Amino acid sequence: MNTDPTNSTRPLDSDTLSQLAIEALERTAFVLADPCADPDALPSAEVFAEIDFHGPEQGGVDLAASRGFTRNLASSILGCDAAEVTDAQGDEALRELANILGGSVIYRLGGEQCAFSLGLPRLGSFQGWSGASGHESCVLDAEGERLEIRCHHRRAA
Amino acid sequence: MNAANSNNPTPSMHPSQLQCHVLIVDDSPILRAAIKKVVKLAGVGEDRIFEAGNGLEALEILETVWIDLVLLDLNMPVMDGEQFATELRKRDDLQDVAVVVVSTEANRERLDRMKALGVNHTLRKPFEPEDLCRLIADVLGVKPA
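As you go down the protein sequences, you meet chains A and B in turn.
The first sequence runs 13 to 169 under our numbering.
The second sequence runs 11 to 155 under our numbering.
Treat the hints with care, as some may be off.
[Claimed, not checked] To give an idea of the interface, some chain A residues facing chain B are shown, with a C-beta separation under 8 Å as derived from the structure:
1) L132
2) R134
3) L135
[Claimed, not checked] Beyond 10 Å from chain A on every Cβ pair, some chain B residues (computed):
4) S38
5) E56
6) E61
7) L66
[Said to hold, decoys possible] Stretches of chain A that chain B covers, calculated by requiring three or more beta carbons in the stretch to come under 8 Å of a beta carbon on chain B:
8) 86-93
9) 98-112
10) 116-129
Hints in this document: simulated from the structure, not taken from any laboratory.
In this text the structure is predicted, and so the values were computed from the model without any measurement.
Heads up, the beta-carbon is just placed ideally off N, CA and C, and yes, glycines get one too.
Isolated chain B (complex conformation) (with noise of 0.2 Å):
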């Protein structure tokens, strides 16, 4: 059981000021970088953003770290968002962890296969920094910094 999200608290103000914790995936070090920017706009603290190149490392920060939202790419090496989507669900204890893929993913099936996992939503690659802020403060329930 991971204690780290077992009680996750419904947000309903600044998403700085109840200390959501922000998962970026993306095998891009510079893409995360990009969106972590924009996560930090949005109103998240810099120590509550946490990143991961890969499923399998995204995997491994959930054992330790209480996680609100993962910002998932989906075509990624050593493991994708898709495989990351199917073991999280597996989970018990991570079913209220919030998933957005972040992605140029273009693919129907596969985008439903990611919808039928529960992802919240989906962002096409290139993006507004503005869509991603409003797309966070949207999942988390909070109005936009």
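This is chain A alone, in the form it adopts within the complex (with noise of 0.2 Å):
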């Protein structure tokens, strides 16, 4: 157990990362999603979300997903068709999942004593994904749509 609240903080791999995301879209939304072998065959990315924190580490975790993905997210979240779910709810729920799987990455890394804090979720653009570095990541294929996460976290100074 991590007790010190300043310093410490505990590993996070991709692996990790990934069983992180997994058990956000089950338990926020019932989404069922598994790490893809063969992510070329999934849709392309088209909405991008990212959140930062700052603390004994700071960083950043940033999601791609396709539209279908976000669709799909969103219209389990709000438990409606998901031909009903416009692109402003959809974009949304990437947002929020960013949210979550940031409030789960930094309890990740600092467990019950943790002494880092989140930024605000917003939604990000092709050009930051593409410039990212990611420490960790994965691509998940949730019922054949694309969820990308990356995480990426220094000491701070």
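Each of the two chains sits in its own frame; use the hints to bring them together as a complex.
See the structure below:
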């Protein structure tokens, strides 16, 4: 257990990041997802969201998803048909997933004595995504749709 | 003095039978919708569920409506959950309003400050709907629907 609220962090790897995302999807929206062995087979990412965190380490979590994923996510959260979901609702669903996953990541890094703080989640862009260098990353297949996640962090000065 | 919150009864039955009022404070409309579904499942009527996108909007609602329970996000623009709880506790007429934090917040110091402000419970996102349902029933002192 991490007992130092100021300096200690616990390790995070890509498999853990993947599991945190799968758990967030299941618990928040009953959306089932699995690590994807063939990302090229999934639809391209069209929607991007990101959230920053700071504390003993500073960094962020970036999400990139296919439009179909955001539509399915929003429809599951709202309890309506995917055809009824607007693009704006899909965007909002991914933004909130970034918030939830950001919270899971800092809790993983900081534990019960977590000294990390989250920023506000925001929609991102393809330019921001392509420029990001992820320390940990994964691609999930969520019922045939793409969710890609990257986490970047470094020890605070 | 806020007359709406000046005579708060202690619930002992199903929340809908006692006309409990719940205020959901979260900047995410889609999360408010998801939480609202769970609150309805807990037995609270839709006409007794109110929504605010930040702490300032929540304080405005509390001026006009009797609220038994606030489900409060922390990280919000305009006025965050901690600022809201601080303002709430300054008000003598709102001391009985129960507050449950429903947030991604993991920072121990901040959660301790919320506890010192009288927050009843904290539920960390992501959560199971059943967890929130049980928490609502627990805080309102009723049996789950």
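Going through the hints against the structure:
1. L132: holds, 6 Å
2. R134: Interface hint status for R134 of chain A: violated (11 Å vs cutoff 8 Å).
3. L135: Hint violated; L135 of chain A Cβ to chain B Cβ min 12 Å, cut 8 Å.
4. S38: violated, 5 Å
5. E56: Non-interface label stands for E56 of chain B: nearest chain A Cβ at 14 Å, farther than 10 Å.
6. E61: holds, 14 Å
7. L66: L66 of chain B clear of chain A: closest Cβ-Cβ about 16 Å, beyond 10 Å.
8. 86-93: The restraint on the region 86-93 of chain A holds, since 4 of its residues have a Cβ under 8 Å from chain B and three suffice.
9. 98-112: holds (count 7)
10. 116-129: holds (count 10)
Taken one by one, the earlier hints fail for this structure at numbers 2, 3 and 4, listed in ascending order.
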